[in-house]
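Participant: Sequence:
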Amino acid sequence: MTTTGAAGAIAPVTALPPADQPVPFARLLAVEFRKTRDTRAGFWLLAVIGLLVAAAEVISLIVFLTQDTTDVTWGVFTQIAAMITSVLLPVLGIMLVTTEWTQRTAMVTFSLESRRGRVIAAKLLVGVLLAAATIVFALLVGLVCCVIFVAAGGDATWWDRDFTDGLIGFAITQTLAMFTGFALASLLLNTAAAIVVYFAYSYVLPGIIAIGSANIGWFADIAPWINFLDAQSHLYELSSMTGEQWAHFLVAAVIWVALPLAIGLRRILRAEVK
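The letter at position 249 of the sequence shown is residue 248 when you use my numbering, and the numbering goes up by one with no holes.
Since the hints were derived computationally from the structure, they do not count as laboratory data.
Keep in mind that this is a model prediction, so the values were computed, not measured.
Yeah, the Cβ is synthetic: ideal placement off N, Cα and C, and Gly gets one too.
Hints should not be assumed to be uniformly reliable.
Just the calculated beta-carbon pair ranges, DEER-fashion [said to hold, decoys possible]:
hint, residue 1, residue 2, range
1, 117, 151, 16 to 24 angstroms
2, 28, 217, 31 to 39 angstroms
3, 232, 111, 41 to 49 angstroms
4, 143, 199, 29 to 37 angstroms
5, 250, 195, 46 to 54 angstroms
6, 61, 22, 29 to 37 angstroms
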């Protein structure tokens with residue numbers, strides 16, 4: 000006599016999803032988010048950004064309180080945090096793209112999701128969301144520091160028109176910095192090369208353009224159209240930007256962001272994965 004217990008029961012067969020069904024975009028987004036902090040490089044980059052922001056704000060608080068500074072605003076503390084995040088955040092955007100190739104995980108990624116465009120879109124959206132997160136982070140840090148400053152006896156202005164323009168300008172430039180890093184990473188597909196080129200573009204190229212403008216007459220007329228960092232500086236006074244300044248900004252954005260990004264994306268879509 001035999002009996003069939005629960006342990007011997009046969010589980011019902013469930014239908015598998017169609018072979019051509021794409022990976023849900025939300026899952027791709029979650030995976031790309033996880034990649035930004037799962038690696039040691041990504042984790043320590045995020046940690047360094049947080050530590051540097053904290054150190055800079057503490058030093059600023061001490062200086063403002065000991066020097067009896069009166070023109071302190073929420074925007075001043077926010078700008079201090081933004082200065083650090085705007086330098087290091089694009090590196091995280093670069094690593095979003097290049098780690099697939101430098102760590103040779105591209106074959107796995109593009110095998111699990113053969114539609115490369117969807118993977119790139121997920122990476123790009125993660126970059127935009129990280130830029131938005133740093134804007135919120137800078138605002139929160141600035142708010143906390145401003146509260147501490149007032150509680151310690153300081154006199155601060157919470158909000159003014161300049162802060163509004165500066166906040167909008169910061170949001171645009173922070174996002175563009177991420178896009179620039181992403182574009183260079185897509186173009187080069189190498190972490191070290193993309194980081195070097197990005198910092199050369201950010202800190203060396205403006206000096207070269209300034210020297211050329213000061214010594215070459217005809218180059219001074221061209222410089223505003225190719226100096227993207229200088230064109231972005233006017234965004235912090237958004238309400239007073241002229242039509243010519245907007246034209247300089249848009250042309251420089253095409254040269255330094257749109258074209259490298261288009262060429263880089265085409266390279267990723269067509270590159271042989273090894």
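Participant: Now tell me, hint by hint, if it's right for this structure.
Facilitator: Here is how each hint holds up against the structure:
Range check, residue 117 to residue 151: Cβ separation about 51 angstroms, and the 16 to 24 angstroms hint is violated. About 48 angstroms separates the C-beta atoms of residue 28 and residue 217, a value inconsistent with the hinted range of 31 to 39 angstroms. Between residue 232 and residue 111 the beta carbon distance is about 43 angstroms. The supplied range of 41 to 49 angstroms therefore holds. For residue 143 and residue 199, the Cβ-Cβ distance of about 35 angstroms falls inside the hinted range of 29 to 37 angstroms, so the restraint holds.
The given range of 46 to 54 angstroms is broken by residue 250 and residue 195, whose C-beta atoms sit roughly 25 angstroms from each other. The hinted window of 29 to 37 angstroms between residue 61 and residue 22 is violated, with their beta carbons roughly 50 angstroms apart.
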